[in-house]
Amino acid sequence: MAKFTSLKSDMFLGAFLLALALGALFVWIPLDIDTGLVERVRRRNVIGDTLAPTAAIILIILASGSLILSRSHSQPVASFSSGLRIFGYFISVFTVTLMVMRYLGPLFISLVNETSAAELNYRNLRNIWPLKYLGYVVGGTFLLSVLSHFMDNGLSRRRVALFFLITFMIALFFDLPFEDILLPPNGDV
Amino acid sequence: MGMAEHILLGIQAIFAGPAVLGIPLNILMVIGGLFFGIFIGATPGLAGPMAMAIALPILISIFGYEASALLPIVGFLLGIMKGATLGGAVPAILFNTPGTPDALMTTYDGYPMTQKGEARKALKAAHFASVSGDTISDIVLILCAPFLAVFVEAYLDLPEKSALIILSLTFIAAVMGTSISKGLVAIGLGLFVAFIGSGEDFYPRLSLGVDAIAGGFPIAAVVLGSLIIGEVLFAMLEARSQTQQQGKIKQIVLKVAGKLTLKDRLSLLAYILPSAFIGTVIGALPGIGSTLAATLGYSNGKRRHHLRRKEGEPAFGQGAVQGVASTEAANSAVSGANLIPVLSLGIPGNAAAIFLILAMETVDGLNPGPSVFRVPSEGINSEMVMAFGLFSLMILANLVNWLVGGQVMQLMSIMARVPRQILMPTVLLVTITSVYAQETSLYALICLLGFGLFGLFMRLTSIPILPFVIAYILGNILERTARQAFSSTGADPYFLFSSPTSILLMLSAVLIICIFTWKRHKK
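Sequences listed follow chains A and B, in order. Sequential numbering from 1 applies to the first sequence in the numbering used here. Sequential numbering from 1001 applies to the second sequence in the numbering used here.
Treat the hints as calculated values from the structure; they're not laboratory data. All C-beta atoms in this analysis are idealised placements derived from N, C-alpha and C, irrespective of residue type, glycine included. Please note that a few of the clues may not be correct.
[Unchecked claim] Okay, the calculated bits of chain A under chain B, using three or more residues with CB under 8 Å as the criterion: (1) 12–25; (2) 35–45; (3) 90–96; (4) 103–112; (5) 117–124; (6) 154–168; (7) 177–185.
[Said to hold, decoys possible] Label-pair restraints from in silico Cβ distances: (8) A:F26 with B:L1504: 47 to 53 Å; (9) B:F1015 with A:R40: 34 to 40 Å; (10) A:F173 with B:F1015: 43 to 49 Å; (11) A:S110 with B:E1066: 38 to 44 Å; (12) A:M169 with B:V1020: 29 to 35 Å; (13) B:G1017 with A:F173: 20 to 26 Å; (14) A:F87 with B:A1019: 49 to 55 Å; (15) B:K1519 with A:M11: 45 to 51 Å; (16) B:G1017 with A:S110: 34 to 40 Å.
[Stated by the list, open to error] Counterexamples of contact, computed for chain B against chain A with all Cβ distances above 10 Å: (17) S1267; (18) T1295; (19) L1428; (20) E1479; (21) P1500; (22) L1507; (23) F1516.
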């Protein structure tokens, strides 16, 4: 797999890091830290909260400047747009997974409430099997299936069933022996 | 109490606590960790640090944060560390697939031996060499760490300790990755992330007024995200790229045979001992890692074999059992020695050491650093007792490894057949679940996956990930030490150059950058 390590991409990386570091140095740090580099507290000089992050940023500026100026040898370049697509893909998959894990259980309960005129509350039922596994198992199966498809360029029903089983086994592994451990999203609802 | 009494108390400590089926829990945990580590190492695509990362939050959830939890938790992690190195040789020998990166050189001779029908001999040689290297390394650790810590405590004051951390970070930046600039970028980023939400002012610095990051990012999310999730995502990209280029993976018919006689073992010692020495020296230096140790051990063995090879014996690269032994002894010798900087200086040298430090800092009972081995004028130093308890568990793990490690290793060969398309997503889900088990918050998962993508970005741009994580762990320690040093020297702005030792350490840091820059430029 081609990495973004060519002369051109190293220069681009250096410029990107330099821009971020300058933004942090001149915008983020001054606006978000109240103390100076060195402060006078109780008639003694002490190091302020600004010094350490400033030193870290100066290190990044120097190193990224050196990356821009370096004369490294060229290697194959992966296109920048394909890199962005990969990150976009992973972000979408993670977002959907976390949304399914977080909202599927409560959504199911609200559907039950609507269809049966019951007044159930997910929080009160989150320790009841199989409701406590619902969001986790469906979200987990989705995550495994989509990522496996990403690696293999294909996905059979049998494999989805296997992933369902694996996710269920992981849920049991964490839930059955350990009373205090909660599966996602049951600690948040 | 003197050091001898602390050693005795340390040995007693491993027998303390509850027992399961008559076996003390601490002992059971280290043995369990060892077997689990062999299982992980034998699975291509998984490595010891991955298993340690997944196990740590689960172990903390089970045992809690009290000092009594330290030995079972760290014992289990030490077991994984030892077992994974050994297990990595299994797929390398049987399937030409290194289970861990440092087992790559093992494939050069191990797999040709399998093709010749000598797989069992290769596995036995790998086991013999690996456990020998590990044992030698542990002995060096037990002998050196206390004395190094006592030396540091006696001769290094706050300015020198600040300079020592700076030197370590510089060294790690220089030796890891493709360029020093990228290593320094990683260090800078790690320090900056560590400083978010920390500080001494009432307002948590750099938190952008967001309550969620007022206390900084969850440490498990940053470390596991960048190290493990990033690695898993990168492995997925590699697998996707391989699938597109090569299609499906071929199945291999396996024939496990061949014997390793006592005479063979004795003759292998001439390769194992120098390799173990190389691995121990490399392991004691922060940041270099077992892959280089394996490479140097193999090269050294190859030179020796070239000079002494008898007629009819295979050369290195053509199925020489000495090649397997040289590599395995060197990479296994790293695991004990890399605890020297951890225990005596509080500085992690590789990914496995990061998780050990993380465990020690999360659980009460042992704060790694020079004070661990301080002999008190009266009473006991409970940290030293814990440290010797850990040493005792390591020796015990080695004994178990000598006795049954070889058999377990052969049993685990089945793991090499698990497809990566199933394994990698499963590791991702288990990591997500174990972080949630510890943090109980979806916010922690968002941080975990965010830092996972950040880790992937670093891998794609060849910015080394380990300096980032080590700088993140050492960031607040460095700032705290520097603040104290500044105050103790009467607000001297040149406190890092206030003594000959600190000047020497700082000059060494500059020199390391210059030398490595010059060397890379020359290449």
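Each hint, compared with the structure:
1. Check result for the segment 12–25 of chain A against chain B: holds, 5 residues qualifying (beta carbon to beta carbon below 8 Å, three or more required).
2. With 4 residues bearing a CB less than 8 Å from a CB of chain B, the segment 35–45 of chain A meets the requirement of three and the coverage assertion stands.
3. For the segment 90–96 of chain A, the stated coverage by chain B is satisfied: 3 residues place a CB nearer than 8 Å to a CB of that chain, which reaches the threshold of 3.
4. Given as covered by chain B, the segment 103–112 of chain A fails the check, having 0 residues with a CB less than 8 Å from a CB of that chain where 3 are the minimum.
5. Using a Cβ-Cβ cut-off of 8 Å, 0 residues of the segment 117–124 of chain A lie near chain B, which falls short of the minimum of three, so the contact claim is violated.
6. Given a C-beta distance limit of less than 8 Å, the hint that chain B covers the segment 154–168 of chain A holds, as 5 residues qualify and 3 suffice.
7. Judged by the Cβ-Cβ criterion of 8 Å, the segment 177–185 of chain A is covered by chain B as claimed, because 7 of its residues qualify and three suffice.
8. Between F26 of chain A and L1504 of chain B the beta carbon distance is about 35 Å. The supplied range of 47 to 53 Å is therefore violated.
9. For the pair F1015 of chain B and R40 of chain A, the beta carbons lie near 55 Å from each other, so the given range of 34 to 40 Å is not met.
10. Against the hinted window of 43 to 49 Å, the Cβ-Cβ separation of F173 of chain A and F1015 of chain B comes to about 29 Å, which falls outside the hint.
11. At about 41 Å, the CB distance of S110 of chain A to E1066 of chain B agrees with the hint of 38 to 44 Å.
12. Between M169 of chain A and V1020 of chain B the beta carbon distance is about 23 Å. The supplied range of 29 to 35 Å is therefore violated.
13. One distance hint, 20 to 26 Å for the beta-carbon pair G1017 of chain B and F173 of chain A, holds here, with the actual separation near 24 Å.
14. Hint check: F87 of chain A to A1019 of chain B, Cβ distance near 50 Å, so the stated range 49 to 55 Å holds.
15. For K1519 of chain B paired with M11 of chain A, a C-beta distance near 22 Å fails the hint of 45 to 51 Å.
16. A hinted range of 34 to 40 Å is violated for the C-beta pair G1017 of chain B and S110 of chain A, which are about 47 Å apart.
17. Non-interface call for S1267 of chain B relative to chain A: holds, since the shortest CB-CB distance, roughly 42 Å, exceeds 10 Å.
18. Distance check on T1295 of chain B: its Cβ is at least 21 Å (rounded) from any Cβ of chain A, clearing the 10 Å threshold; non-interface status holds.
19. Distance to chain A contradicts L1428 of chain B as a non-interface residue, since its nearest Cβ pair spans about 7 Å, not more than 10 Å.
20. Distance check on E1479 of chain B: its Cβ comes as close as 4 Å (rounded) to a Cβ of chain A, failing to clear the 10 Å threshold; non-interface status is violated.
21. For P1500 of chain B, the requirement that its beta carbon stay farther than 10 Å from each beta carbon of chain A is met, with the minimum near 23 Å.
22. Residue-level check passed: L1507 of chain B sits 18 Å from the nearest beta carbon of chain A, beyond 10 Å.
23. For F1516 of chain B, the shortest C-beta to C-beta distance to chain A comes to about 12 Å, beyond the 10 Å cut-off, and the non-interface label holds.
Checked against the numbered hints given earlier, the structure breaks hints 4, 5, 8, 9, 10, 12, 15, 16, 19, 20 and satisfies all the rest.
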